[in-house]
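Asks: Here are the chains, one letter per residue:
2 protein chains.
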Amino acid sequence: MSDGSDRDSLPPPIIQEADPNNVIKILLATDNHIGYLERDPIRGQDSVNTFREILQLAVKHDVDFVLLAGDLFHENKPSRDCLYRTIALLREYTMGDKPVQIELLSDPDEGKADGFSFPAINYEDPNFNVGIPVFSIHGNHDDPQGAGSEGALCALDVLSVSGLLNYMGKIDLPMSDADASTTGIAVRPVLLRKGNTHLGLYGIGNVKDQRMHFELRSNRVRMFMPRNKDDWFNILLLHQNRVKHGPQESVPEGMFDDSIRLVVWGHEHDCRIVPEPVAGKNYYITQPGSSVATSLADGEAIEKHVALLKIEGKEFQMEPIPLRTVRPFVIEQVVLNEVADEEGLDITDQMEISKYLKAKVNILIDQANELWDERNAKAVAEGEEELPRMLPLIRLKVDTTGVSEMSNPIRFGQEFQGRIANPRDVLVFHRSKKAANKSTKVAIDEPELSIDDPSLSVSEKLAKVRVATLVNEYLAAQELQLLGEVGMSDAIQMFVEKDDTHAIQTHVAKALKELMKGVHANEEVGEDELEDMLVKAKEQQEREYIEMTKESKASKAKGKNKATADGPADDLSDDSMMMDVDAGAGSDFEELESDEPPKKKAAARTTRAPAKAPAKAPVKKAPARRGKKAVVSDSDDEIIEINDDGDDDDEEEERPKPTKRTNRAAVLSQPTKKAPTKKKVVAVPAKQSQLTFAPAGRSSRAAATKAREKMVVDDDESD
Amino acid sequence: MSDGSDRDSLPPPIIQEADPNNVIKILLATDNHIGYLERDPIRGQDSVNTFREILQLAVKHDVDFVLLAGDLFHENKPSRDCLYRTIALLREYTMGDKPVQIELLSDPDEGKADGFSFPAINYEDPNFNVGIPVFSIHGNHDDPQGAGSEGALCALDVLSVSGLLNYMGKIDLPMSDADASTTGIAVRPVLLRKGNTHLGLYGIGNVKDQRMHFELRSNRVRMFMPRNKDDWFNILLLHQNRVKHGPQESVPEGMFDDSIRLVVWGHEHDCRIVPEPVAGKNYYITQPGSSVATSLADGEAIEKHVALLKIEGKEFQMEPIPLRTVRPFVIEQVVLNEVADEEGLDITDQMEISKYLKAKVNILIDQANELWDERNAKAVAEGEEELPRMLPLIRLKVDTTGVSEMSNPIRFGQEFQGRIANPRDVLVFHRSKKAANKSTKVAIDEPELSIDDPSLSVSEKLAKVRVATLVNEYLAAQELQLLGEVGMSDAIQMFVEKDDTHAIQTHVAKALKELMKGVHANEEVGEDELEDMLVKAKEQQEREYIEMTKESKASKAKGKNKATADGPADDLSDDSMMMDVDAGAGSDFEELESDEPPKKKAAARTTRAPAKAPAKAPVKKAPARRGKKAVVSDSDDEIIEINDDGDDDDEEEERPKPTKRTNRAAVLSQPTKKAPTKKKVVAVPAKQSQLTFAPAGRSSRAAATKAREKMVVDDDESD
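Quick note, the sequences are listed as chains X and C, same order.
Sequence positions in the first sequence follow our numbering and run 3 to 721.
Sequence positions in the second sequence follow our numbering and run 3 to 721.
If you are wondering where the hints come from, they were derived from the structure by calculation, not from laboratory data.
Treat the hints loosely; a few may be bogus.
[Stated by the list, open to error] Derived pair list, reagent style BS3-like, types lysine-lysine, alpha-carbon separation capped at 25 Å:
(1) 114/X <-> 62/X
(2) 27/X <-> 316/X
(3) 500/X <-> 500/C
(4) 27/C <-> 316/C
(5) 114/X <-> 100/C
(6) 500/C <-> 100/X
[What the hints assert, rightly or not] Restraint ranges, calculated between C-beta atoms of paired labels, are given here:
(7) 117/C <-> 63/X: 21 to 29 Å
(8) 111/C <-> 103/X: 30 to 38 Å
(9) 197/X <-> 111/C: 37 to 45 Å
[Stated by the list, open to error] Residues of chain C clear of chain X, computed beta-carbon distances all greater than 12 Å:
(10) 17
(11) 127
(12) 383
(13) 406
(14) 430
For every residue, glycine included, the Cβ atom is placed at its ideal position computed from N, Cα and C.
Construct the entire structure; sequences and hints are all you get.
Replies: Structural data, given as structure tokens:
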């Protein structure tokens, strides 16, 4: 397993000459998962303590700012305790007299709270004495949810409005899955300057895999870049799968615009923080990894780091810094079958097996403690203070193929109480399907059952699982059955996973409203009639739902066939998914006002593709508010959706309105259940070579594949 | 009904000569209930808008600070949207360059976040540019809950740690009801100075009625006051029932120390903001009332105000300011019986009744609109801007005695959609028990069914009610029945009412641990044996619970008998419930260092009562940590509990340690189930005349009774 220094061939990028007045220093970290296991008596404060360490490192290294790539919080609705501590930490370490030397060139009001006068960027507010600004996108754990009067908000919005964090990369959320087909992703940068170094931060908060895949395929991820974008050091932050989980469930590494210099990849928990070049591309990818292990998978065992990122002009340099408050974690696998063969273990004897495994765990504990001592000694040698040993995390994966009975793993763990941090789940059993798999070194990291997910205590798991079942059963049994179960399971999932207590209520209200259509309030309707009407309405609703599902399946199938024709369905074609660059967005910044024609854009114009099937799109509400719509259908015409009239509005294009938190989707095309919107999406040509900004193709794909191969054992740990 | 100017005899307190350098100006408000009905399409933003108005008034009147008396939030766990907006409003209006002229004399670190360096009082933090500090206690809606690593936190803690609000009056929460008997209430002031005006703010956040009653009876509400306390203008803030709801469910008006000059009473929603004198006392009581109507009861119909409070030396003056963003609310009652008698209404005809009631509601709507117009015209005449009409709140209480059938009140309300803000609950039916009650003027405000509580939408109510039932039933049916239902209903109530998602989990964990006592982990126990043991343990637990309940009932009965012997059980004897004043607490402030012996204290010393049954108290854990204990058993010996050794520690007494957030209760006496602790409590002498600081007695009680009489119609609206 790599330990974070797995860059093989290329030398690390290095700043040639360092004039401190031009060097932007950044503390880079991600996936802090504050609040993870917060009720665990041993590990409860781990995430908080490490976040504290990170902020202390920022202070120590006198950085210009802290940059995070999502999942600051583990829970979508962090507990009060968790929020309280995070706020306290940010206030303690990021406020202060240190002068902020990074000048903000983009609009400080971009993304500010509606109806309030204070700016979105905290250090632009004269009422806050910010020393070290923190910038972050949201992750999949702390993504915006709900629809209050302010639209979908996330925990970072609360920190942002408190003036303690600068939340970037917010994305227009579709109102529903149907609306998703009408909303693109607009990426507006935070533009910074220090001396003669210009830095653009492009944040894309996490969106669901399916949507991201769709937006990328449809070329609707649009980056608003200054005209002279190549004079900037551009960082792209994203929080998506990098490791492949399925055909539409990861983002390929080679798909970003070449004016990007560094991609900061959140979400994947393995520390691969040393920048890795991407073949055929001008950028590097850094994957800082999580600062706390949220699963006991191989990738989390890699020593965890943050990094000190220095940027001067268009060069950068990255210095990984090991995190000292992270528990040592050792993971190993035993195949009992093989132990029987090689060491003569009697695998019919439970006691015998137990004894063997205990010895094994003891060895791992010793290893972990040695690991801690080594790291500690190294740090002490470098002048750091000595830290007391932390209880280690130990995971022994036991292949029980051929073993008829195993003893209780929880009881097994009790023996190690006080010696390890995770006595309850030190052992995990699995069986190999192919009985005689002999290779122990190729770690078979089968997906663990969710019951093994250590991010939940047993009772939490029980609570969650059961509440869902229970609510389902209950609803089925109660009068609410009249509403049907259409959409209810989604609502229940939201309720359980995102702690969105209003999800069910919202669904019921919506369903009721639907049912009540045509039932006029003041008409006198008899009880029988009413019930009759409701039953009919319900049937109608269910029919529609089935049709919708069929259609969706059909379109999916079609997509698959098409993909098979063009190549393997589960292999994303990089060049079909370029990001769309709007090089005009920065034109209202004085120093970016440049008269040289933006190359890429000009190229795009000359090869302008005819808008596909524009007039036939079922744009229901669009005519009433066409002005707004232009914001989306602007710029390059390769945005295939929504071009219902082909009428570009160039002024709108140059100065896109801040659209955060509005649900433009609703204004635009509202695909009805019967309209074949999905088909149109599928009909998008798989290759739009006229937009191939970067020389994508075999080389980059090969690199990505290679990276994936290396990563195959870590398949389960992205979080 | 009074309209807020119901002071009868005494002239309003007036500042004699106003030197602005000595005058502290305060914007006084309370019970803002932000987030109330936040999902209501019409009223959803009412609470937020009015809070905005209040902050704007603070800016307009250039006050030194804003003072709130609890229930800033309606929900214990405000929604993200609600928290976001509140933070934004506080940031918008209370941050800024206006110099803060009130000097903090008490410890700025009192109550600060553990392990952090920033002070508890926001304007003492050089990193925040605070213009108008906000001070608040918590109410019953936003009280501290849960037990994270930081102890019980409330929503105000989050605002406080953000630097946007100064949370005061936090109270050591007992770990459990049993622990309540070992914890007193310590009140530590915020001490302020402007010119030669000295102001002490004494906050007591809401505690449950039963506890407050107990603490008062036991004389364990201890106020830490400067030695020269009578040179200060002292304000006491509390958030408890003022109107009597039952024998132990309100705080009498006449029970406060005479060094208090003004009591700010939160919780009661009627606006009685004009200070009312208390007979026989030197202080006034102001009850600002809520800034949003959270029930459609008479008291909420009184025009809502905040006040501009000016203090100079020991004098004050209060100027009520009507709130303009509050919906006009008109409430009336009809007794159909009487209408039948007097106007010949045919009460056997549903249609006829409906017609009558509709006409009635139309009249009320007109009244409400006139009310709005009048208030608006008055404000405009005073130079304010005109506001567009708001839809009014209308409530018609219908006494249906003698009427056999009524039509659906929800359908009735639909006719008024678009004309009133509460079409769903404009009508409420009730039946008079005494059939022939003819007096319409004595409003019979029977407690409305919770289903009529407009603070919840219908579906919210359904959700809450049903989830509780459902969880109960589910638990009963599942294997969790092994745990018994002991204590489970409390946990469920916490879950439902306070949104404490961990309440059930915590209870289950505790119960399990209890059950597992004696089951040794490594012993080999057969399945049958285990079950057997669990069943036995459960039975044991239930037996204990029953015993406990019996005992508690017995002690309650005993208490009642005793009360009956001394006087009516449901009449609190004021002088048995004095607050305990510790006049030494402020001695570490230079300007308070005074050598004159504190009179009250000296008096208390000379009449020192012998400690009651000290050695016999079942103090289980005390010996190990006696030093801490002394913090509680310090000062005046009239604190009857816990004096297990009678050994006072005077140094501790003079400089009480900040004990916020520690659960001292756990350190002290842990009453076991079998120890007759409760009896001891009951045995406290009902009168401790030697501690009668204030000349309490008939006069003040009479005044309180009079006030109560006046209030009888508002009996249900305190919230």
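Asks: Would you mind marking each hint as holding or not holding in the structure?
Replies: Hints, one by one, checked against the model:
no. : hint                        : result
1   : 114/X <-> 62/X              : violated, 30 Å
2   : 27/X <-> 316/X              : holds, 14 Å
3   : 500/X <-> 500/C             : holds, 18 Å
4   : 27/C <-> 316/C              : holds, 14 Å
5   : 114/X <-> 100/C             : holds, 23 Å
6   : 500/C <-> 100/X             : violated, 42 Å
7   : 117/C <-> 63/X: 21 to 29 Å  : holds, 22 Å
8   : 111/C <-> 103/X: 30 to 38 Å : holds, 32 Å
9   : 197/X <-> 111/C: 37 to 45 Å : holds, 40 Å
10  : 17                          : holds, 32 Å
11  : 127                         : violated, 8 Å
12  : 383                         : holds, 29 Å
13  : 406                         : holds, 19 Å
14  : 430                         : holds, 20 Å
The earlier numbered hints that this structure contradicts are 1, 6 and 11.
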